[in-house]
Amino acid sequence: MKLSVFGYELVIPTDIIAAWVSVILIGIVAGYIIIKKRKLGVVWDYMKTTNHRKIGILYLLFGIIYFFRAGVDALLIRTQLAVPNNDFWVFQGEKYNELFTTHGTLMIFFVAMPLLLGLMNIAVPLQIGAKDLAFPFLNSLGFWLFFAGSLFFNIAFFLNLTPEVGWTGYAPLSRAEFTPGAGTEFYVFGLQISGLGTIFTALNLIVTIIRHRAPGMSYTRMPLFAWASLITSFLILIAFTVLAIALYLLMFDRLFGTGFFSGDEGDPVFWQHLFWIFGHPEVYILALPAFGIFSDIISTFSKKRIFGYGTMVASIVLIGFLGFMVWVHHMFTVGLGPVVNTFFAITTMAIAIPTGIKVFNWLFTMRGGVIHFTTPMLFALGFIPSFVIGGVTGVMLSLSAADFQFHDTHFVVAHFHYVIIASTILGVFAGLYYWYPKITGYMLDEKLGKWHFWTFLIGYHITFFPMHITGLEGMPRRVYTYSEADGIFILNAISTVGAFLMGISMLFVIWNVYKTHKKKKKVSGDPWDGRTLEWTVSSPAPEHTFEPMPVIHSMDAYWYAKVKNKPLPATTNVRVKPLERDSIQPFCIAMSLFIVSTGLTFRWYWLAILGGVMLFALLILRSITDEREDFYGKSDDHA
Amino acid sequence: MERVMIMRKQEAELFQDKKVGFFIYLGVEAVMFAVLFATYMIFTPAGSGPYPSDVFQAEMVLLSSLFLLSSSVTLYVAEKGIQARKGKKTLLSLGLTLGLAIVFLGLESYEFYTFVQEGYGLSTSVFLSSFYVLVGLHAAHVTFGIGWMIVLFIHYVRPNVSYSLYKEKQTIFSYYWHFVDCIWVFIILIVYLPYLV
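For the record, the sequence lines run as chains C and A.
Numbering of the first sequence is given in my numbering, commencing with residue 41 and proceeding in unit increments.
Numbering of the second sequence is given in my numbering, commencing with residue -1 and proceeding in unit increments.
Possibly wrong hints are sitting among the right ones.
Only pairs whose alpha carbons sit at most 20 Å apart, straight line, appear in this in silico SDA-like list of lysine to any residue [unchecked claim]:
| no. | chain 1 | residue 1 | chain 2 | residue 2 |
| --- | --- | --- | --- | --- |
| 1 | C | 617 | A | 13 |
| 2 | C | 343 | C | 409 |
| 3 | C | 561 | C | 577 |
| 4 | A | 7 | C | 620 |
| 5 | C | 490 | C | 550 |
| 6 | A | 165 | C | 673 |
| 7 | A | 7 | C | 250 |
| 8 | A | 7 | C | 668 |
| 9 | A | 17 | C | 666 |
| 10 | A | 16 | C | 666 |
| 11 | A | 165 | C | 668 |
| 12 | A | 78 | A | 98 |
| 13 | C | 88 | C | 584 |
| 14 | C | 487 | C | 559 |
| 15 | C | 617 | A | 98 |
| 16 | A | 165 | C | 660 |
| 17 | A | 16 | C | 274 |
| 18 | A | 16 | C | 277 |
In case anyone wonders, no lab produced these hints; they're calculated from the structure.
All chains, full assembly: derive it from the sequences and hints.
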């Protein structure tokens, strides 16, 4: 569309106009509802909060918002690919590149990560008997950094500056000579800021799990979700730090004329190494927490202790460890030589062993159990076979010689969607249904939940199963069309139908949430007849939990207390809880980094300096408004 | 008296949280620098452009190391001072640490300045790029540490900060500072030394 503004001719693509219009409309409606219902106070409250449950809600809220946006991107991709030689709307060539870049980046960094971090934030402290995360201020800062990064990345689209380098940002395409303009900077800084937040939150979770467990809650009695969160947090610390440096180097390449990833003096393959040293552990960062959620859910709804607890923990640790030794399997076709490829092929295959152990343990947990087919349990049951399919294609892809055939085809697309949707997305859905009472005090409708499950699961298999075949037929990923002679029309059309079925299934979620909150039917603290500590506190979890603190004498202590019909033993002799005080500073600190990034992206260095000054001023302000000052008191008498 | 005991225990718990968290953070920093050291080793010497031996000057490295590494010693004295509740000793040695850090930063800035004057800039070659992003990031850490020390002085005189809280703040800072010094040792060993002997 051509517009004439103040005599300038502006060409604005219609999809951007559509996005502006829809966001403005949603903004007006949301603003109206907030003001009409006098909820501005609630918004302000959440902006300042340092409570783990509220921060978890914020993570989940934004994760879901971005899930819808990235889901719409997926539907646009599938519409463009529905028929051969399609010319759907504007999504050919560069626009298609923008589309899959946004879809991938959003889904990994701004959907899967916040949804998992949100569930960890809510559930882990409650599961281990911690009164909050160890550093509440840092927790809030972690969220707002994620928020600032995601906002920064999302704004690019509205300015028609969407990055088009793929979610992997491969060099030399991501260098300034091939993608000039500010698009890729939005990728670089968006991920950099949100990644920093993720590192802080992981650090916080580790300290919480190491130092804030209830008395008697030894490592061998900890629920598996808490275990998975602990190992995942360690993976985050290493993987996201490597990504941070990769982005730091790319920033120098783009802004300051260095040549780390250039073809002539540097090495584009170096980017691939750094990216996948981050990227492969990232896959396990997404999968391990989901494994933890499923372990807890399967045990709860089979009314049985988890089978092989020790091996479950060991396999989480082993998967986490092996996860750092397989990154080259993304680069088999780069040409690193047969010895390197063989080594990484074998380590990749080895990961199938601990994963297989987990699958069998889940099955044996159910064996002989009293299985309750609730919505969370259905998601767990749907996960197992779906994930195994993704695992099998994973082993196929690990054969480095065969990978030369599979590489960059839709076979790979089918593989990673099978793995990530089965684990992370089904896991998050399961977790949301499971912990929804603990988050809001209401129980989501079971019937609508089952509709959601079945339509989503069927849609997911219809979408991605045909891609195995189109991939083997040679259909490359990241190409916006194909010809009729390729003979893959029917399979692509089926995929598109499946994608829309998944889209429809999400409408059940919206309807379900609306209905649940309309009905306002409060539930008890333990609606699922659970086994772990989070079900001992009321629903929704109050700000002050575990007063008095339960004392743990076995795994699933709450369950065995219920079986013996005795209350959990409790004590008031506990360690001091984390100090917390509401503060708007984390939001401001994150926004100052947003300003720095804007300044660097558009080369407005004065703005970057201004943001930097703001950042350091805020850090000093934070230092002199430390909540410990009041707690420690002014006098020296106890020193 | 009992209240004091409880207070001490609670402070010890909170401080232990802080310590564990900060050590994990230093682990993150270590990974960061490790990747940058790897980058440097991969790209140095570069295929084209100046050879490191022609760029580096041993005297400069020796001089700046002298200042930075001795700042770790003066900070150690400050730690002893705070343990023994000797205000004068603490402030004096912390001030000395600050002074040494500022001199180090000045020397390093001068070193960078002379390099650029001689035509060895950030984008001259990929060796110099990896040199600047690594040593530059270390210099940024020193700068941050200088700011941190100044804030510590402010805390020392603020009436709201109890002695035990100040002690914790200075202890956490000393972990940071020794870590930054430790990175400098690696910079000497990996960045400079192979091309100066």
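Hints, verified against the model:
Restraint check for residue 617/C and residue 13/A: satisfied, since their Cα atoms lie roughly 12 Å apart, inside the 20 Å limit. Of the pairs offered as hints, the one joining residue 343/C and residue 409/C holds, with about 6 Å between alpha carbons and a cut-off of 20 Å not exceeded. This hinted pair checks out: residue 561/C and residue 577/C have alpha carbons roughly 18 Å apart, not beyond 20 Å. Our distance criterion of 20 Å between C-alpha atoms is met by residue 7/A and residue 620/C, whose separation comes to about 18 Å.
Using a Cα cut-off of 20 Å, the hinted pair residue 490/C and residue 550/C holds, with the two alpha carbons roughly 14 Å apart. Taking the CA atoms of residue 165/A and residue 673/C, the gap is about 14 Å. The hint holds against a cut of 20 Å. For the proposed pair residue 7/A and residue 250/C, the alpha carbon gap of about 18 Å is at most 20 Å, so the pair holds. Distance hint between residue 7/A and residue 668/C is fulfilled; the C-alpha atoms sit about 14 Å from each other, no more than 20 Å.
Simply put, residue 17/A and residue 666/C have alpha-carbon atoms about 16 Å apart, close enough for the 20 Å limit, and the pair holds. Only pairs whose Cα atoms come within 20 Å are accepted, and residue 16/A paired with residue 666/C is accepted, the gap being roughly 13 Å. Using a Cα cut-off of 20 Å, the hinted pair residue 165/A and residue 668/C holds, with the two alpha carbons roughly 13 Å apart. Straight-line distance between C-alpha atoms of residue 78/A and residue 98/A comes to about 18 Å, which keeps the hinted pair within the 20 Å bound.
Between residue 88/C and residue 584/C the alpha-carbon distance is near 17 Å, which keeps this suggested pair within the 20 Å criterion. With a C-alpha separation of about 15 Å, the suggested pair residue 487/C and residue 559/C falls inside the 20 Å cut-off, and the hint holds. A C-alpha spacing of about 39 Å is found between residue 617/C and residue 98/A, which places the hinted pair above 20 Å, so the restraint is violated. Pair hint residue 165/A plus residue 660/C holds up; C-alpha atoms about 18 Å apart against a cutoff of 20 Å.
Restraint check for residue 16/A and residue 274/C: satisfied, since their Cα atoms lie roughly 17 Å apart, inside the 20 Å limit. Proposed proximity of residue 16/A and residue 277/C is supported: the alpha carbons are some 17 Å apart, at most 20 Å.
Of the numbered hints listed earlier, the single one contradicted by the structure is hint 15.
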